[in-house]
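Given the coordinates of chain S, assemble chain B onto it according to the supplied hints.
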Amino acid sequence: MAMFIGRRAAAAVFVLFTISVLVFLIFFATPGVDPAARIAGRNADPATLMQVRHEFGLDRPIPIRYGLMMEHLFVQRDLTSFVNRGALVIPQILQAVPVTLSLVAGAAVIWMVLGLLMGTAAAARRGTALDPLMMLLGVVGVSIPVYWLGEVVNLLTQSRWHSGLFSWVPPLGYVGLSQNPGQWALHLLFPWLTLAALYAGIYARIVRGEILEALNEDYVRTARAKGLTERRILIRHALRCSLIPVVSLFGLDFGALVGGSALLTEVVFGLPGVGKLTFDSLQNLDLPVIMGCVMYAAFFVVLANAVVDVLYAALDPRVRRA
Amino acid sequence: MTSDTSIAVPAGSSARRRRSSAGPWRTALVTLRRDRVAMISLGIFLLVVLACLLAPVYEHSVAHTDAFTSNISGTTIVHGKPSPVLAPSSTGLGLGVTPIGPTWDLHHYFLGADGQGRDVMARLLFGGRNSLLIGGVSALIACGVATVLGVAAGYFGGVLDAVLSRLFDVVWAFPVYLLAISLSVVLLTSGLTVGPVHIEGDSLWLPILIIAVIYVPYVARPLRGQVLSLRGREFIQAGVGNGASDLRILRKDVLPNVMPTVLVFLPLMTALNMLTESALSFLSIGVQPPNASWGTIINDGLGLLYTRPMVTVAPGLMIAVTAVTLNLLGDGVRSALDPKARLRGAA
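Residue numbers (the numbering used here), protein chains in the order written: chain S, 820 to 1141; chain B, 316 to 662.
Pulled out of the complex, with its shape left as it was, chain S reads as follows (with noise of 0.2 angstroms):
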């Protein structure tokens, strides 16, 4: 088992550093891009953009450049942004985590929970109306543009009824959670909800099927076969088993959102999380704030990969070998 943590935590490494040499890669050494053009502004002349080029230590080959940004993104620290001269880029990202965190980890809350109740109820009423329903909060889940979502979310519950059903809406924005717990959900209740909606449906489609495929085991007719009720079957049988499944995906999807996925989301409902902060950062080509952005979403994604296989191991000794 400790061969096996080895081994994936070796390739995780990898994995992540493979991604930053990409990233440098895409924006420091795709043909035609200059970044001193982009940081010197439109229309600057040549004496600018060698002076520019210099300062920022653009005229120096790509493989020291990519060292010296991981010097200061990781050994150092102390990485400053390239459009606001001076800001740290850490800081601006440790502030930001939060802000990300709260909304994936509350919209996975209820995502979970409702997939999960939907799913068990879908499972043990089978063939009724239940069916077709889950089925179609599934695809609908997986087809919606998560940004309009949000934006007729915010239509409804900023605008049309806002006077009304929804007058107890704050505005748009977010409020730390030590700063104000009440605030923070408040502020947080819709952009949780839509993400979740997004969720739920799916996961309540994997939960059934999953159950399903449980309760034709045979450990399910001898637990028939000793008299437990169908209840206790169902809960502390079928849907024990079929948690692991779930659990992995939402391991993936849980790092996918943290790292990246979320960002749709933080920008319609104006949530000052990581996501917004590498778009803002993409808009204006901050390439130290990008890097530092995006090495933090490959850290969350690559981490949920490698949690989920050792999770995996853990549970069936087969994969070990594999």
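Treat the hints as calculated values from the structure; they're not laboratory data.
Quick caveat: nothing in here was measured; it's all calculated off a predicted structure.
Nothing false has been slipped in among the hints.
Quick partial rundown of chain B residues pointing at chain S, CB under 7 angstroms, derived from the structure:
#, residue
1, Leu620
2, Ile634
3, Asn642
Which residues of chain S face chain B? A few of them, derived with a C-beta cut under 8 angstroms, are:
#, residue
4, Thr837
5, Val842
6, Thr849
7, Ser962
8, Ile963
9, Tyr966
10, Asn973
11, Leu974
12, Leu1104
13, Val1121
14, Asn1124
Yeah, the Cβ is synthetic: ideal placement off N, Cα and C, and Gly gets one too.
Relative to chain S, chain B alone:
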């Protein structure tokens, strides 16, 4: 059709095949035709495609507008009376203009106008062409490239497999939206030059290629796994034993067995790619003006969200409807062809 049934139908004489059964492809087609949900979805999807293809007809012969030039001082006819397309704002400080809302009259601004006085309905149809085109073509490219790479990695193994698998791992671990956004931001300003080919920054090929590239591992990884397990099967080993060339085994034995999976992925990928395109366009780094797509129209409607929500709502509904039909169609194709095929996350 799983790989089990295809063993029963080797590349034998066609006469024997005709006698024994209808063949896996025809069986699947019959199953699909009987699937009511899939057929209705296909019908709605084709209607959407047809409507979008007819965009120029609608623009010239029905609405008599120009979907791509602003019409700031124009007038139109509502309930038989002329009224301005852009009226001075009546809300807030009375600054700016409010475009005309939906008239529900197909000849005069059916869904109203956007901030520049352009007919939203006409733009919706033109935008749909780009959204569908980008979704469809990038799905074709992604599935095509993924088939070649996935099959090659799974079949030949060794160094090729190691390199390709690591490459898939990296792209897979890279958050898709971040990768797409990074590539778009960089390439939009400069365009893309590969050897003698130059793609302008505002070309539709840019979003098509970017989206195709980021989703290759989604299809290539499961295909590689499938080929890997096929490789050890008796009928492939028999082919190797008979001295068949790699090319012949790939063409006659491997490809027919992975094609069903690719076909299942195709409609699902089209929906996924269309959604990705719309997100990029919404962030104004996808389709570039004056071109439109459903994503860019949603973006156009942002400033008008509380006064003229239809500019935002209509294209979003079109995306949702199209994606739902494609996903339902994909489900139908899956149950007809290969019940085990799964895209990551999509159940």
